[in-house]
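Chain by chain, the residues run as shown.
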Amino acid sequence: MATREDIKFLSNPKIGQKRNKYCRFRRFGIKSIDYTDVDFLMNFINDQGKILPRRLTGNSLKYQRKVATAVKRARHLALLPYVADNMK
Amino acid sequence: MRQYETTFIIDPTLSGDEIGQTAQMYVDFLKKEGCEIIHLDEKGIMQLAYPINKRTSGAYFWLEYKAAIGSDAISQMELAFRRDDNVLRYLTVKVDKNRAQYNIDKRAGKFAKKAETTEETTENSENKTTKPSKEAKVEG
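Protein sequence lines, in the order shown, are assigned to chains G and C. The working numbering puts the first sequence at residues 1 to 88. The working numbering puts the second sequence at residues 89 to 228.
Hint data in this document are derived by calculation from the structure and do not stem from the laboratory. Hints are not guaranteed to be accurate.
[Unchecked claim] Think about it this way: if two alpha-carbon atoms lie no more than 27 Å apart in a straight line, the pair counts; the simulated DSSO-like pairs of lysine-lysine are:
1. G/LYS88 / C/LYS154
2. C/LYS142 / G/LYS62
3. G/LYS31 / C/LYS185
4. G/LYS62 / C/LYS198
5. C/LYS120 / G/LYS72
6. G/LYS21 / G/LYS72
7. G/LYS14 / G/LYS66
8. G/LYS31 / C/LYS182
9. C/LYS185 / G/LYS14
10. C/LYS119 / G/LYS66
11. C/LYS198 / G/LYS66
12. G/LYS21 / G/LYS62
13. G/LYS72 / G/LYS14
14. G/LYS88 / G/LYS66
15. C/LYS142 / G/LYS50
16. G/LYS21 / G/LYS66
17. C/LYS131 / G/LYS62
18. G/LYS31 / C/LYS142
19. G/LYS66 / C/LYS131
20. G/LYS31 / G/LYS14
21. C/LYS142 / G/LYS66
22. G/LYS62 / C/LYS194
23. G/LYS50 / C/LYS182
24. G/LYS88 / C/LYS194
25. G/LYS31 / C/LYS131
26. C/LYS185 / G/LYS72
27. C/LYS142 / G/LYS72
28. G/LYS72 / C/LYS182
29. C/LYS198 / G/LYS31
30. C/LYS154 / G/LYS31
31. G/LYS18 / G/LYS62
32. C/LYS182 / G/LYS66
33. C/LYS154 / G/LYS50
34. C/LYS154 / G/LYS72
35. G/LYS88 / C/LYS142
36. C/LYS194 / G/LYS66
[Unchecked claim] So, partial list: chain G residues that the calculated Cβ filter (under 10 Å) puts toward chain C:
37. SER11
38. PRO13
39. LYS31
40. ASP37
Where a beta carbon is used, it is the ideal one built from N, C-alpha and C, also for glycine.
In isolation and in its complexed conformation, chain C is listed as follows:
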């Protein structure tokens, strides 16, 4: 078994139920193919940085799962994504051990955002390297 994560964006013009159903459809598909679902994170409707298919926002889903090496479940899922007009974007990434640990820590809330982050970005526009907010990441 190898660990993967898939982020996909669903058309926000669908109703709340339909968005959930569409996401659930893909989760069920993976389960049927014998994948082990670790986590499904619904990030909700977020603003897109640029318009995709004339949509300016999208419903983000982040799915973490384990699939057998050599199984074609993922390629089949991506094919379904491409055929599905309601899916604006998708990205599947192989998760290495550092990333897996990071995801576990993130879910445990170790990287809760501090108020400093806004200050930091302004400082960094002058190409300064700053310490404070990095320390929040060190724990992981």
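Excised from the complex, chain G in its bound form:
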């Protein structure tokens, strides 16, 4: 027989919870986004190399614009691809 303690963890308690979104640039005081820092820019693109929307990353508008510029500069310099499959 399953006791009450066992049943408690049958479903993931975090499912259905709302995760707090925040702008990492504002929270951690990052003022400059480096377009040569590919590993960092990888956080803001999906596996096709597309720029993720603010809806998913939680960036504020000001920094989303800067992220977009940085990704586009990195693409021009062939640090990131314009089109890709399975980048991650």
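Could you slot chain C onto chain G? The hints should help.
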């Protein structure tokens, strides 16, 4: 004087000396035009994300300098870049004060990469926002 930075990619099929000479040529040109060179960073031969002119790798150079406002040194340099077949790509960016500070910190090695970065990218593919590696950036 206003601060700029230029990244350019040189054809890797040239010999090591020729690559260095080509880069030095542009540095000398800027010096002659009265620009103040702050730093020349040779990043070495790196893999390109997509082929350019049938080359799959390139020698990256990153040049930081100050040029007088209104001088046409940069436009002349870009014209030379376009005429030079050995330069695959170039990008000139105006540097604001945050970026200038970032560059100084970067050269001082404040943003040394941690082992965490690889873990972080896998986590982020599931659209999670993670803290640890960001803290390395906070210092700047």
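Check the structure against each numbered hint from earlier and tell me which ones fail, lowest number first. 1, 2, 5, 7, 9, 10, 13, 17, 18, 20, 21, 33, 37, 38
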